[in-house]
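Chains as they are written, first to last, in our numbering: chain A, 1 to 306; chain B, 1001 to 1123; chain C, 2001 to 2140.
Careful: at least some of the hints might be erroneous.
No more than 25 Å apart at the CA atoms, straight line, and that leaves these computed lysine to aspartate or glutamate pairs for DMTMM-like [unchecked claim]: (1) A/275 / B/1052; (2) C/2115 / A/244; (3) C/2136 / B/1019; (4) C/2136 / A/198; (5) C/2126 / C/2065; (6) C/2115 / B/1052; (7) C/2136 / C/2011.
To be clear about the criterion: a stretch of chain A counts as covered by chain B if any three or more of its residues have a C-beta under 8 Å from a C-beta of chain B, and this derived list gives those stretches [to be verified]: (8) 207–215; (9) 248–254.
No lab work stands behind these hints, which were simulated from the structure alone.
Bear in mind that the values here come from a model prediction, so they are computed numbers and not experimental data.
Glycine is no exception: its CB is placed at the ideal position from the N, C-alpha and C atoms.
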Amino acid sequence: MTTRTRDRDLVQSQTQPPPASPRDAYTTELLRELVAHLREQQVQLREEWARRITEAQLLTAMSGEEVFAEASSVYDQYVETLQTGTFEALQAYAQNLSERIIPRGVETHEVVGIVLLLRDVLARALFSRYHVDLDKLNYILDAYEPAANRIAITVAVGFVQERERIIREQQEAIRELSTPVLQVRERLLILPIIGLIDPQRARQLTEQLLRGIRTNRARVVVIDITGVPVMDSSVANHLVQTVEASRLLGATVIVTGLSPEIAQTLVNIGVDLSKMNTVGDLQGGIEEAERILGHKVVPLQDPQES
Amino acid sequence: MEVPILKQGSYLIATIQSDLSDTDLRDLRDALVQRVGKLRSRGVIIDLTSLDMLDSFATRTLRDTAHMIRLRGAETVIVGMQPEVAFTMVQLGLSLEGVSTALDLEEGLGYLNQRFGGPRRGA
Amino acid sequence: MSTEGISVNAEVRVQIRSDLDILNARQQGRRLATELGFSLTEATFIVTAISELARNIVMYAKTGEVLLTSVNDRSRCGIIVVAKDQGPGIADIRLAMQSGFSTSGSLGLGLPGTKRLMDEFEVSSKIGQGTTVVVKKWRS
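All chains should be modelled from the sequences, with the hints used to inform the complete structure.
Now the structure itself:
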């Protein structure tokens, strides 16, 4: 999907390392040594990490076993990334991890927190191993630090983007749910609108309806606004536009549940109510629709003599 | 780019297949009007299924076309408008008032048949 | 232009002289809008706005140009359309911005309608010197 690819590109560009020197043979050798050590010590280091996570009261939404399981795979990924120096696999992993743990209620500060804690735990391990040779320690840190920081950024950004994507999807779903287009019978669509409509929702409504007319081959649409308490002129305008656009697709629109206040709003924006097909309530509207559909000669938008 | 116009009994069907220039639209208008007169067609269907945009000029030209065709005693039905195109048109404040519309070719033919009691054999 | 893939600002310049150029401008606009990931509805809005502006050039100024710029960077993503001509200019911009299309088919500049299709709209004009219209649409 386009958005996903773009986000990945963004992460890629955001986590681009500063123009540092390319890995030379010595650095590569050091990292190999470092990775070997971290793998060798993995049981103790993972335990230390898990301890710190509990101490910092992170991932409280997950059980001990779950934390351990996730921690193991994160650890492996972390060390793997240190070894390869490439981040695509990590990005994919971060996205995957986020997809799993976000529904569990894990929050951003927790994800960032645990990655940083792991960074600390591993750094300490390096100190204790190489503290006798400060020069070597410095070299190792020169290689370790940028990689560790980039790992933290990659995971954090991946998490945040996944959260944002989910929120967008949820908002879209909520909007769709609250504006269902119902097919009652053949050629007849009903669009019950409930609640307050903002311009964005109005636009989404119209798009949904027009597509629905096409898909269901509807000839008549009943838009029921009984459940709409108030409508400002811009949304009223939108209603009129929806009626006109539906006509362009060959469908007649009947508006039902028009309150006197909304009728006034429509008149105020210059709508000729006598030209709009309105019926008092939804039931009446459906009956009118069936009358229209039941006729042999369907009065499909007879040209108006103006 | 010439728009193909088919004769189906006493109806003409013009199927627009791509984005048309202003000249193409004018040519279509003139071709339809001329053929309606020559063939004494009773109905004209203009199929917009493949059209991905309809601006003010195109809308005006379609309206003029339908008007001129009516002066020759025939009725025009615009069919196949895409949802996005319809939405854009109403946002732009354009209207095809005075022109019949239907969902697609099948609906359009059905409408004409109901109006004229079935397609006449030949012309 | 950055090579990191962050910001690629593509620019397409279309000379407007005939109705074929209007068609060309639309097609370029469609291509850019699709590349930028606009929805079908949004892309149709953009292409229609381009068509209206390009036609105004042909009808009133005889020649001009339409510049399409795609913006795609870290903070935002969208398209900028600049329609520029050295024509007679708009006598009364305020009036032009009030009159839309009427069903009687009177020729208008269609500026209010075009404005509704886009997110940002700016027109500047000087009698005898020309008109520049800038419209923008951003990805949501």
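We went through each hint and held it up to the structure:
Restraint check for residue 275 of chain A and residue 1052 of chain B: the C-alpha separation of about 29 Å exceeds 25 Å, so the hint is violated. This hinted pair checks out: residue 2115 of chain C and residue 244 of chain A have alpha carbons roughly 20 Å apart, not beyond 25 Å. A C-alpha spacing of about 23 Å is found between residue 2136 of chain C and residue 1019 of chain B, which places the hinted pair at or below 25 Å, so the restraint holds. This hinted pair checks out: residue 2136 of chain C and residue 198 of chain A have alpha carbons roughly 22 Å apart, not beyond 25 Å.
A hinted pair counts as satisfied when its Cα atoms are at most 25 Å apart, and residue 2126 of chain C with residue 2065 of chain C qualifies at roughly 17 Å. With a C-alpha separation of about 20 Å, the suggested pair residue 2115 of chain C and residue 1052 of chain B falls inside the 25 Å cut-off, and the hint holds. Simply put, residue 2136 of chain C and residue 2011 of chain C have alpha-carbon atoms about 14 Å apart, close enough for the 25 Å limit, and the pair holds. Here's how the segment 207–215 of chain A fares: 5 of its residues keep a CB closer than 8 Å to some CB of chain B, so the rule of at least three is met and the hint holds.
Here the segment 248–254 of chain A counts 4 residues with a CB under 8 Å from a CB of chain B, which clears the bar of 3, and the coverage holds.
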